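**Q** So you can see what is in the structure, the chains are spelled out below.
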Amino acid sequence: EAQVTQNPRYLITVTGKKLTVTCSQNMNHEYMSWYRQDPGLGLRQIYYSMNVEVTDKGDVPEGYKVSRKEKRNFPLILESPSPNQTSLYFCASSFRGTGATNEKLFFGSGTQLSVL
Amino acid sequence: SQQGEEDPQALSIQEGENATMNCSYKTSINNLQWYRQNSGRGLVHLILIRSNEREKHSGRLRVTLDTSKKSSSLLITASRAADTASYFCATGLYNFNKFYFGSGTKLNVKP
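Protein chains in written order, with this note's numbering: chain V, 1 to 116; chain H, 1 to 111.
These are computed hints drawn from the structure, not numbers from a lab.
If a hint is listed, it holds; no wrong ones were tucked in.
No more than 27 Å apart at the CA atoms, straight line, and that leaves these computed lysine-lysine pairs for DSS-like: (1) H:K98 x V:K69; (2) V:K57 x H:K70; (3) H:K98 x V:K65.
Some residues of chain H that are not near chain V, with every Cβ distance over 12 Å (derived): (4) I13; (5) Q14; (6) K110.
Values in this document were obtained by computation on a predicted structure and should not be read as measured data.
Note that beta-carbon positions come from the ideal geometry of N, C-alpha and C, so glycine has one too.
Isolated chain V, as found in the complex (with noise of 0.2 Å):
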């Protein structure tokens, strides 16, 4: 089944202890992205991939890095979160991302984070 996981489904953590929420795709897709959710805001971009060792900021990186090592997975990792960094987090991806006309996201069940 086609399919993005994302893991943990939630975690609580502590203020300042590194961590890294998982993200794997099994459609061969060039395109992997990570979304941050809060209420009123809607989803914003943090990261996003458009192929092995190639990746660029979104509009909300600060505190986070991504790395692309292998086309199926893109981790994101927080090394010293911060309780405003609490927030319902998405792993997405796509064939070849918007370059093309009719790119669609395939989302994965997000991750909910309580940094405390």
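Given the structure of chain V, go ahead and fit chain H onto it with the hints provided.
**A** Only chain H this time, still in chain V's reference frame:
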């Protein structure tokens, strides 16, 4: 911001009625898409309309796009309780590799 804005923020209707949601955006787009989100879960793609299209249908969904007004609407006909969800528009910008999402319309369909 190039983010789309949905209107209304919340909509409550009876089962069987039609639901209309609107989306406005700020810049030229490659395409506009609508997504559905059930209660904090991942978004699911509903329908995509290209910038050179004016109307598109998919089952009970009808999407229109007016690029001169930079706006789109999503119509759900004969709504069902199972349509209760949040609906988001997203714009795809060619050459920018970003999808911009609005803040969503929360639809409640009462049985």
